[in-house]
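Residue-level listing of the chains:
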Amino acid sequence: MLKQMEGSRAVAEAVGLCRPEVICAYPISPQTHIVEGLSELVKEGRIDNCEFINVESEFAALSVAIGSSAAGARSYTATASQGLLYMAEAVYNASGLGLPIVMTIGNRALGAPINIWNDHSDAMSMRDSGWIQLFAESNQEAVDLHIQAFRLAEEISCPVMVNMDGFILTHAYERIDMPRQEQVDAFLPPFEPIQMLDPARPVSIGAMVGPEVYAEVRYLAHYKHLQALERIPVIAEEFQARFGRASGGLIRPYRTEGAELIVLALGSVNGAIKDVVDQMRADGHKVGSITVCSFRPFPLDALRQLLQGVRRIVVVEKNLSLGIGGILANNVRMSLRGLEQPVFTVIAGLGGRPITMHGLQECFTKALAGTLEELHFLDLDWEIIRRELHHARSERRSGPVAENMLKLRLQGRSDV
Amino acid sequence: MSDENAPEQKVKFYQKGTYTVGNRLVNVRQRSVQASMDRSNSLTCGHRACQGCGEALGARYAIDAAMRATNNQLIAINATGCLEVFTTPYPETSWQIPWMHSLFGNAAAVAAGVAAAMRVKGLKQVRTIAQGGDGGTMDIGFGCLSGMFERNDDVLYICYDNEAYMNTGVQRSSATPVAARTATTPAMGANPGNSFNSGKNLPLIAMAHNIPYVATASVAALHDLEAKVTRAMSLHGARYLHIHVPCPLGWGSAPHDTIQVARLAIKSGLFPLIEAEHGMVTATVPIRQPVPVTDYLKLQKRFAHLLRGGEENARKLAAIQTIADNNIKRFNLVRKEAPRV
Ligand SMILES: Cc1ncc(C[n+]2csc(CCOP(=O)(O)OP(=O)(O)O)c2C)c(N)n1
Ligand code: SF4
Ligand SMILES: [Mg+2]
Numbered sequence: 000m001l002k003q004m005e006g007s008r009a010v011a012e013a014v015g016l017c018r019p020e021v022i023c024a025y026p027i028s029p030q031t032h033i034v035e036g037l038s039e040l041v042k043e044g045r046i047d048n049c050e051f052i053n054v055e056s057e058f059a060a061l062s063v064a065i066g067s068s069a070a071g072a073r074s075y076t077a078t079a080s081q082g083l084l085y086m087a088e089a090v091y092n093a094s095g096l097g098l099p100i101v102m103t104i105g106n107r108a109l110g111a112p113i114n115i116w117n118d119h120s121d122a123m124s125m126r127d128s129g130w131i132q133l134f135a136e137s138n139q140e141a142v143d144l145h146i147q148a149f150r151l152a153e154e155i156s157c158p159v160m161v162n163m164d165g166f167i168l169t170h171a172y173e174r175i176d177m178p179r180q181e182q183v184d185a186f187l188p189p190f191e192p193i194q195m196l197d198p199a200r201p202v203s204i205g206a207m208v209g210p211e212v213y214a215e216v217r218y219l220a221h222y223k224h225l226q227a228l229e230r231i232p233v234i235a236e237e238f239q240a241r242f243g244r245a246s247g248g249l250i251r252p253y254r255t256e257g258a259e260l261i262v263l264a265l266g267s268v269n270g271a272i273k274d275v276v277d278q279m280r281a282d283g284h285k286v287g288s289i290t291v292c293s294f295r296p297f298p299l300d301a302l303r304q305l306l307q308g309v310r311r312i313v314v315v316e317k318n319l320s321l322g323i324g325g326i327l328a329n330n331v332r333m334s335l336r337g338l339e340q341p342v343f344t345v346i347a348g349l350g351g352r353p354i355t356m357h358g359l360q361e362c363f364t365k366a367l368a369g370t371l372e373e374l375h376f377l378d379l380d381w382e383i384i385r386r387e388l389h390h391a392r393s394e395r396r397s398g399p400v401a402e403n404m405l406k407l408r409l410q411g412r413s414d415v
Numbered sequence: 000m001s002d003e004n005a006p007e008q009k010v011k012f013y014q015k016g017t018y019t020v021g022n023r024l025v026n027v028r029q030r031s032v033q034a035s036m037d038r039s040n041s042l043t044c045g046h047r048a049c050q051g052c053g054e055a056l057g058a059r060y061a062i063d064a065a066m067r068a069t070n071n072q073l074i075a076i077n078a079t080g081c082l083e084v085f086t087t088p089y090p091e092t093s094w095q096i097p098w099m100h101s102l103f104g105n106a107a108a109v110a111a112g113v114a115a116a117m118r119v120k121g122l123k124q125v126r127t128i129a130q131g132g133d134g135g136t137m138d139i140g141f142g143c144l145s146g147m148f149e150r151n152d153d154v155l156y157i158c159y160d161n162e163a164y165m166n167t168g169v170q171r172s173s174a175t176p177v178a179a180r181t182a183t184t185p186a187m188g189a190n191p192g193n194s195f196n197s198g199k200n201l202p203l204i205a206m207a208h209n210i211p212y213v214a215t216a217s218v219a220a221l222h223d224l225e226a227k228v229t230r231a232m233s234l235h236g237a238r239y240l241h242i243h244v245p246c247p248l249g250w251g252s253a254p255h256d257t258i259q260v261a262r263l264a265i266k267s268g269l270f271p272l273i274e275a276e277h278g279m280v281t282a283t284v285p286i287r288q289p290v291p292v293t294d295y296l297k298l299q300k301r302f303a304h305l306l307r308g309g310e311e312n313a314r315k316l317a318a319i320q321t322i323a324d325n326n327i328k329r330f331n332l333v334r335k336e337a338p339r340v
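As you go down the protein sequences, you meet chains S and A in turn.
Counted from 1, the first sequence has number 20 at position 21 by numbering that gives the first Met the number 0; the numbering is strictly sequential.
Counted from 1, the second sequence has number 218 at position 219 by numbering that gives the first Met the number 0; the numbering is strictly sequential.
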């Protein structure tokens, strides 16, 4: 059924259709509307047989989900940014225990300086946690990915994080084709764990493991991701067959035929990138793009096939690994190992900075001309940076940079 | 509970290698769960606890009693700590019950999740307990514990209080008594041992949540401990049991003195045995003849520096005596009733 609705509300309804049995809720922007929506759905009885638990922290949110999932209940939570960091220890624990929890991240920047707007720093901080990490391009895809996420998580016994851009998606009203309950029920069978906490079959879970098999245990966790590389496209195909639209999968190429330049990105910015691709194609440039939907596991082979022989590769990403650059770009380089293709990184949209089509097009044009820097910061205000660096050199001062910059502004000092 | 006319229990000796018949000689009603051949042996032999470990003893009694009270329908969640480490060295486990360890600070929340799963699955008979050391309970797990209390989740949380972070080698926790030597409060300098802080009384904090049941227990009063677990399991909602468990390694006491040390903590008034329901004290175990705190302190090397004489030490010992005296006053512990311990 087509409905005009907020992304968060749509995700809440989609999660509800998955018949979760335990939902743990804790507020943080821009995720909050999702758990608010779920609390309504549970209270109204539209999600039946479900425990909605208001916890005292994100650490508890995921910990409660760990307990309920280990006891055989389909479990869900959602968070963002500082909340994801606050639950970090439990994030690793959930995947180490192989618990098929699904968690939505309304992607948001990390402090300090505290910033509530969108980027991908939060998800990237957990990239090695063992969770499957999927990125939605639109609210429709966010809806669809949640339904696929439960299926995937329970098939391979591994938690799944569904990432959707904070505000840009979570708070955007779009037309959503909301699946029907029977459709979801046919696609997603009830959760039947291989092993669980059960007095009839007592097991000890979470024992201490020493050097003798720890590495093997970790390899097997890695192996789940290798399995996921195979299952993600299969599940996406089945989804398409049942629901009639393409959503999810590992990657989605757009107009890559004969492309000299291919742009890669995670999440909603792919919409703008595709528009730029269309414009540039119209102007006769051989440009295409690839939406990376599955960031963990990372589709090395699928990307290598598409990127082989492409002259220029640009990765637009909303994160910055301080001291090295873009994380997605480094992963893309890994898919091209042994090949001599340069991969350019465009760091964009940090802390909610708007990414304009104009700015993107300028980057792509430069890339085609061979004049783009290897690590480029989109729309950086170099004036502010030069001023701050100058003062830092002239006055020995330590302390928070953001506050220093603010002070300089208030003092009206424009001397450089 | 077995009744008076029940057939005499068959006698079986305690776990391997001991000849203790124990309380099988007393009236059937008064026998402990441990005296029964049908006890679940939830925490069975072979674990790696130190000799004389109070925590291992307390856990065995507590869990077997909980198993009997729930007709063996029990799931346990364990915080990181000695109990977790000494019971589950891969690939072995001493637990005969469904048991899970997740993290150091989240046992109460994980247990809340298990309880939620049981509710949603309609498995009312399956009950959940969480357990951890004083560090996992009072320090790092305190937020999750308070949340579990406040939501009144159907979980019995058991804290095994050995008054320090033992698993990492005896560091100070918020349960470490004043003046005690630990690896991070060495017996050095002008103020040796732990500082004279104001302390943290978790049973009272638990009571402030108005939860259905809060109790303190000790390995020196095992009947009382079992009775409290049984009472706790007869109730629903959040319940808290705080068990005093001497740690020979950390306290510098002799392994064979574990029970004696625990008993002197009760008799001196330093560890009051209380029970409370919905925030009101309902019972306390009386002390007939209190003993001076030094009787308790002198069995433990962690307090050795206090007992070397001098004015300063006398002042500190008096301060510790005041703590005990205040407990006695607060809970009206010195009464003429027959002592239970
Ligand atoms: C987040 C975290 N911090 C620290 C540790 C290290 N650690 C493991 S057990 C432990 C001490 C446990 O003390 P307590 O809870 O009192 O239990 P005990 O070992 O004394 O029974 C510590 C500090 C950890 N595992 N996780
Ligand atoms: S260190 Fe203490 S608590 Fe830990 S096993 Fe040994 S005696 Fe028990
Ligand atoms: Mg301890």
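Bear in mind the hints are in silico, worked out from the structure with no lab data behind them.
Please note that a few of the clues may not be correct.
Unchecked claim - Only some residues are given here: those of chain A computed to face chain S with a beta carbon under 7 Å:
id: 1; residue: 72
id: 2; residue: 84
id: 3; residue: 85
id: 4; residue: 89
id: 5; residue: 96
id: 6; residue: 100
id: 7; residue: 101
id: 8; residue: 109
id: 9; residue: 112
id: 10; residue: 119
id: 11; residue: 142
id: 12; residue: 278
What the hints assert, rightly or not - What follows is a list of derived Cβ distance ranges for each label pair:
id: 13; chain 1: S; residue 1: 189; chain 2: A; residue 2: 195; range: 49 to 59 Å
id: 14; chain 1: A; residue 1: 185; chain 2: S; residue 2: 378; range: 32 to 42 Å
id: 15; chain 1: S; residue 1: 308; chain 2: A; residue 2: 121; range: 58 to 68 Å
All residues carry an ideal CB built from backbone N, CA and C; glycine is no exception.
Hints, one by one, checked against the model:
Hint status for residue 72 of chain A relative to chain S: holds, with the closest Cβ pair at about 5 Å, below 7 Å. Here the hint on residue 84 of chain A is kept, as its CB sits about 6 Å from the closest CB of chain S, short of 7 Å. A cut of 7 Å between beta carbons decides the hint on residue 85 of chain A: the least distance to chain S is about 10 Å, and the hint is violated. Among the interface hints, the one on residue 89 of chain A holds; its C-beta lies about 4 Å from the nearest C-beta in chain S, closer than the 7 Å criterion.
With a least beta-carbon distance of about 5 Å to chain S, the hint placing residue 96 of chain A at the interface is held under the 7 Å criterion. Nearest Cβ of chain S to the Cβ of residue 100 of chain A: about 4 Å, under the 7 Å cut. The hint holds. Annotation: residue 101 of chain A was flagged as interfacial toward chain S, and the flag holds, the nearest CB pair being 5 Å apart, inside 7 Å. For residue 109 of chain A, the suggested interface contact is upheld, since its CB lies about 4 Å from the closest CB of chain S, less than 7 Å.
Given hint, residue 112 of chain A at the interface with chain S, holds; its Cβ is 3 Å from that chain's nearest Cβ, closer than 7 Å. Against a cut-off of 7 Å between C-beta atoms, the interface hint on residue 119 of chain A holds, since the closest Cβ of chain S lies about 5 Å away. Contact between residue 142 of chain A and chain S, as hinted, is supported at the beta carbon level, the nearest pair being about 6 Å apart and thus within 7 Å. Among the interface hints, the one on residue 278 of chain A is violated; its C-beta lies about 20 Å from the nearest C-beta in chain S, farther than the 7 Å criterion.
Against the hinted window of 49 to 59 Å, the Cβ-Cβ separation of residue 189 of chain S and residue 195 of chain A comes to about 58 Å, which satisfies the hint. Judged by the Cβ atoms, the range 32 to 42 Å given for residue 185 of chain A and residue 378 of chain S is violated: they are separated by roughly 56 Å. Distance hint check for residue 308 of chain S and residue 121 of chain A: the Cβ-Cβ separation is about 59 Å, which falls inside the suggested range of 58 to 68 Å.
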